[in-house]
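2 protein chains.
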Amino acid sequence: MNMMPPKMRDQVVTLAHGGGGKAMRELIESVFTQAFQPDAMEDQARLMDAALQETGARLAFTTDSFVVDPVEFPGGDIGKIAVCGTVNDLAVGGAKPLWLSAAFIIEEGTEIALLRRIVASMVAEAERAGVRIVTGDTKVVGRGMADKVFITTSGVGVIGPDRNLRAENVRNGDVVLVNGKLGDHGAAILAARGDMALSSEVTSDCAGLGHLMESVLQAAPDTRAARDATRGGVASVLNEVAEAAGCSIEIDETQLPLRSEVKGMCEILGLDPLYLANEGTLVLFVPADQAEAALAAMRALPEGREATSIGRVGDAMPGRVTMRTLFGGARIVDMLVGEQLPRIC
Amino acid sequence: MNMMPPKMRDQVVTLAHGGGGKAMRELIESVFTQAFQPDAMEDQARLMDAALQETGARLAFTTDSFVVDPVEFPGGDIGKIAVCGTVNDLAVGGAKPLWLSAAFIIEEGTEIALLRRIVASMVAEAERAGVRIVTGDTKVVGRGMADKVFITTSGVGVIGPDRNLRAENVRNGDVVLVNGKLGDHGAAILAARGDMALSSEVTSDCAGLGHLMESVLQAAPDTRAARDATRGGVASVLNEVAEAAGCSIEIDETQLPLRSEVKGMCEILGLDPLYLANEGTLVLFVPADQAEAALAAMRALPEGREATSIGRVGDAMPGRVTMRTLFGGARIVDMLVGEQLPRIC
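Taken in order, these protein sequences are the chains called X and F. Residue 219 in the working numbering sits at position 219 of the first sequence, with consecutive numbering throughout. Residue 217 in the working numbering sits at position 217 of the second sequence, with consecutive numbering throughout.
Chain X extracted, bound-state conformation (with noise of 0.2 Å):
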């Protein structure tokens, strides 16, 4: 057959791929540096950007490991959520991301064609975002060592002088908004494991808020804090800013977003849409009367379409989450216990 590729030996990885010598080098060129073509070959990247030199501006940094099973799903793959998560960290801290890093752990075995998928969607990504992926590595371990692919980004953005977003800040009044349906990620990881017989059309929400973070700012300069929902969910989120800030927080269960798909998924399989995970879904604390502006920022991305306020922060009980629920009750939101969905991202 003419579509034989020229090297067998180069259509999988193995062991040698990782060994520190000339199989590396190759695999290294021709599948990440072609790719993501970082300015030296140093041990490092060297760096600098003007906005990091003003007076009072801060340097942040985070890091990110994605395990996600399968590595390939409806609305992403591995490589776009490690872009994503890593940016989206930065973002909700209000950082302008610039810079990140790429760490492969590779099984023996696993397709190189799936590798050149995956940094190709990382370089789509991150061109999406505005980064650069500036340095990397790679390593490789035998058959049953790891499961195909496993991907660490790290990044480095900065956060103006003027910036101080944290959850410390968010107090009563405030207003809870999202930029749109919850729980599509986690959704979308249990549709394609195939172990439930679910069929969906569920994409997972996975996208960069880099965009949606900068237009929110502008619009409602006075945001308390900003969090990406990602494993454990809104409901993780909202417990970890109810604790930090000493309030309480008051979400409307007939406000929360969610699509019908994943609502039949969740009663079907008795999970809580609140735990689900998310990969693209921003949860934002606003100042009353900034709420609208901030909203109508978001709605004017493609990415916060369908933003909309789920609760408000009040001080009845600190520390404490509660829903009011469809029939007029009020129940405990806490935090996850146990596992949901393990590998989720």
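No wet-lab data here; the hints were simulated from the structure. Take the hints with a grain of salt, since some may be wrong.
No copy is singled out in the list; a pair is fine if it fits within one copy or between any two copies.
What the hints assert, rightly or not - When the alpha-carbon atoms are kept at most 20 Å apart in a straight line, the in silico SDA-like pairs for lysine to any residue are as follows:
(1) K181 with L258
(2) K22 with V12
(3) K22 with G319
(4) K22 with E240
(5) K22 with P342
(6) K181 with E54
(7) K22 with P318
(8) K181 with L47
(9) K22 with A244
(10) K22 with M335
Go by the hints and put chain F onto chain X.
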């Protein structure tokens, strides 16, 4: 028995520890943040250092994943190596290491006591290196989906305005120096795996090289380039530099600092010590008239006590590394082809 721990469920990591809820928070707080003591509990660390705001300063950024097997070995563990490796990548580029991130991928069933030992070793090594571990992440994967624990560290440092170390600077006549014995890490890991029935007293050379680099750069300010010889050993470093600089490098077999045990192990196993991994081996390229000063500076510190010259840069065969052998001949020292030892770091 009165030594029985109070909570059995806390003795090993479970999937719930990765789920984003209460169990994860408990694990992170009791094992990681208690030891690393980051300033903030936001998704990102917020930092600044006066040196970064100097005119002409550059930020150095690097990352490495560590998958070493076994995770504990004579002379170190995966935590020590994860801190030293990233500190060293910063230091050899002329950066002062400032901050590290640490991301853990943990296999279900891993003992929490092991994690605590690893984390303690990271804290001790960070202290020695004068860096802080400021942000992190943990993920948990099922049994057989990873091997105990993998760690990815990223590092940020600052390169002063006057610093410009790079392989391209190396030129004809420069001297090649190393700070001590070669191949100890590779030999220690080999022996620790126990699969070749070799018993050995060799311990890993795993060490931070930041202070040594500072000292060398004071004494030999025109140092051209430096490398940390890890996977692929000294041979790989020399080849990379020869290629980048368009020079040849000639080393002298009689000058190579090798322990007799390491030599013996290599002879038995048919390995070449030039390709054995190191984790605290500095390779320096210094103008001839500053070589003595650089050696003296290294020898004044414990990690450089056995510093010595191993060769010289020439221009006979650009990109080539050769070795004058014990018998007076010469042979080409090529890049490592294929693998020597998997999961060495």
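Right, here's what the structure says about each hint:
{"no.": "1", "hint": "K181 with L258", "result": "within (5 Å within a copy, 62 Å between copies)"}
{"no.": "2", "hint": "K22 with V12", "result": "within (16 Å within a copy, 39 Å between copies)"}
{"no.": "3", "hint": "K22 with G319", "result": "between (56 Å within a copy, 14 Å between copies)"}
{"no.": "4", "hint": "K22 with E240", "result": "between (48 Å within a copy, 11 Å between copies)"}
{"no.": "5", "hint": "K22 with P342", "result": "between (37 Å within a copy, 14 Å between copies)"}
{"no.": "6", "hint": "K181 with E54", "result": "neither (38 Å within a copy, 45 Å between copies)"}
{"no.": "7", "hint": "K22 with P318", "result": "between (59 Å within a copy, 18 Å between copies)"}
{"no.": "8", "hint": "K181 with L47", "result": "neither (37 Å within a copy, 34 Å between copies)"}
{"no.": "9", "hint": "K22 with A244", "result": "between (51 Å within a copy, 15 Å between copies)"}
{"no.": "10", "hint": "K22 with M335", "result": "between (49 Å within a copy, 6 Å between copies)"}
The structure fails to meet hints 6 and 8 from the earlier list, while all remaining hints are met.
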